[in-house]
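Using the working numbering, you'd call the opening residue of the sequence shown number 356 and step up by one each time.
No lab work stands behind these hints, which were simulated from the structure alone. Please read all numbers here as calculations on a predicted model, not as lab measurements. We put the CB at the ideal spot given by N, CA and C, even for glycine. Take these hints with a grain of salt, some might be off.
[Said to hold, decoys possible] Once the Cα atoms are required to be at most 20 Å apart in a straight line, the calculated PhoX-like pairs of lysine-lysine come out as:
no., residue 1, residue 2
1, Lys464, Lys511
2, Lys460, Lys544
3, Lys538, Lys460
4, Lys555, Lys544
5, Lys539, Lys464
6, Lys544, Lys464
7, Lys386, Lys411
8, Lys391, Lys464
[Unchecked claim] Derived Cβ-Cβ restraints for the label pairs, each shown as a range:
no., residue 1, residue 2, range
9, Ala457, Lys391, 20 to 28 Å
10, Leu504, Thr581, 46 to 54 Å
11, Pro441, Tyr587, 37 to 45 Å
12, Asp445, Ser567, 29 to 37 Å
13, Ile443, Asn575, 37 to 45 Å
14, Val569, Ala384, 24 to 32 Å
15, Thr510, Gln576, 33 to 41 Å
16, Trp509, Lys539, 36 to 44 Å
17, Asn575, Pro441, 31 to 39 Å
18, Leu440, Ala384, 40 to 48 Å
19, Ser427, Ala384, 57 to 65 Å
20, Gly550, Ser500, 46 to 54 Å
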Amino acid sequence: MEVISRWRNPFEKVDDLVSLSSGCAASNALKEDLLKAGEKALVVTKAETNKSTLAKVLEDGVEILPNLPNASAIIVDAMALLQTLPRIPDRFVDLADLTLSAVFKQAGKARRIDFVADQYPSVSIKNIEREKQGRSGQLAVQIRSPLQLCLQQWTKFLANGLNKSNLMEFLADRWGTDQCFPKKIGERKLFVTYGESCSKISIDTQGSISSSIVLERSSNQEEANTRMFLHYLHF
């Protein structure tokens with residue numbers, strides 16, 4: 356009789372979620388979670404990492420030198436440097452020269468310089484953040500000639516990821532091909548990232564400039580501060 360009394364009428368209308376294997380009804384909390392699973396799957400949330408804490412851990416215990424030794428290497432955050440240029444010249448050809456001078460001023464006598472930038476793929480987990488900040492709708496500028504005029508609204512120009520990508524590609528090409536730079540580069544080795552690529556720019560024994568893609572420094576990491584670790588690995 357006990358077994359029969361525990362049977363349920365198959366024709367009885369009930370709202371419980373019942374396990375077919377155990378016959379147990381789900382709790383209200385579990386039922387609520389299961390019923391909203393499809394809705395929750397469409398909710399996009401951003402999980403941020405505390406990279407500032409990581410940077411502090413890396414800096415702790417490191418001796419700060421007043422001057423870099425001659426045989427040193429340095430990694431420069433490209434976007435940080437570009438955002439702090441004291442003035443913007445009229446044309447991109449002059450911007451390339453001004454930027455390289457700023458890089459070498461920061462590098463001091465370092466023999467190797469890595470100029471590392473963020474990259475901005477069209478499909479990115481950071482697109483939501485950029486849309487919230489209103490940075491996705493800024494005017495995109497194609498750099499078609501070194502003599503092309505620079506956009507004097509520099510902050511707005513750098514607010515667009517495509518503009519920054521185009522600028523980095525222009526700088527890498529200009530520094531690696533124009534014969535006006537060998538004297539300035541001298542014996543230094545310059546590594547410049549743009550998109551997923553990285554170019555090595557150096558001067559050969561004949562005094563000619565050369566540029567080549569370095570495959571082991573190619574990366575799809577979006578942020579420069581992450582990509583820098585790859586460059587550090589290959590020092």
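Evaluated hints:
1. Lys464 <-> Lys511: 33 Å, violated
2. Lys460 <-> Lys544: Status holds; Cα separation ~15 Å.
3. Lys538 <-> Lys460: Between lysine 538 and lysine 460 the Cα gap is close to 15 Å, so the pair holds against 20 Å.
4. Lys555 <-> Lys544: Answer holds: lysine 555 to lysine 544 is near 7 Å, not above 20 Å.
5. Lys539 <-> Lys464: 12 Å, holds
6. Lys544 <-> Lys464: 12 Å, holds
7. Lys386 <-> Lys411: 45 Å, violated
8. Lys391 <-> Lys464: This hinted pair is violated, its Cα atoms lying about 61 Å apart.
9. Ala457 <-> Lys391: 20 to 28 Å: 54 Å, violated
10. Leu504 <-> Thr581: 46 to 54 Å: Distance hint for leucine 504, threonine 581 is violated at roughly 34 Å.
11. Pro441 <-> Tyr587: 37 to 45 Å: Check failed, 29 Å falls outside 37 to 45 Å.
12. Asp445 <-> Ser567: 29 to 37 Å: 31 Å, holds
13. Ile443 <-> Asn575: 37 to 45 Å: 30 Å, violated
14. Val569 <-> Ala384: 24 to 32 Å: 55 Å, violated
15. Thr510 <-> Gln576: 33 to 41 Å: Once the Cβ atoms are compared, 25 Å apart, the range 33 to 41 Å for glutamine 576 and threonine 510 is violated.
16. Trp509 <-> Lys539: 36 to 44 Å: Given a distance of about 23 Å, which is not inside 36 to 44 Å, the answer is violated.
17. Asn575 <-> Pro441: 31 to 39 Å: 33 Å, holds
18. Leu440 <-> Ala384: 40 to 48 Å: Roughly 57 Å apart at Cβ, these two residues miss the hinted range, so it is violated.
19. Ser427 <-> Ala384: 57 to 65 Å: Given about 60 Å between the Cβ atoms, the range holds.
20. Gly550 <-> Ser500: 46 to 54 Å: 20 Å, violated
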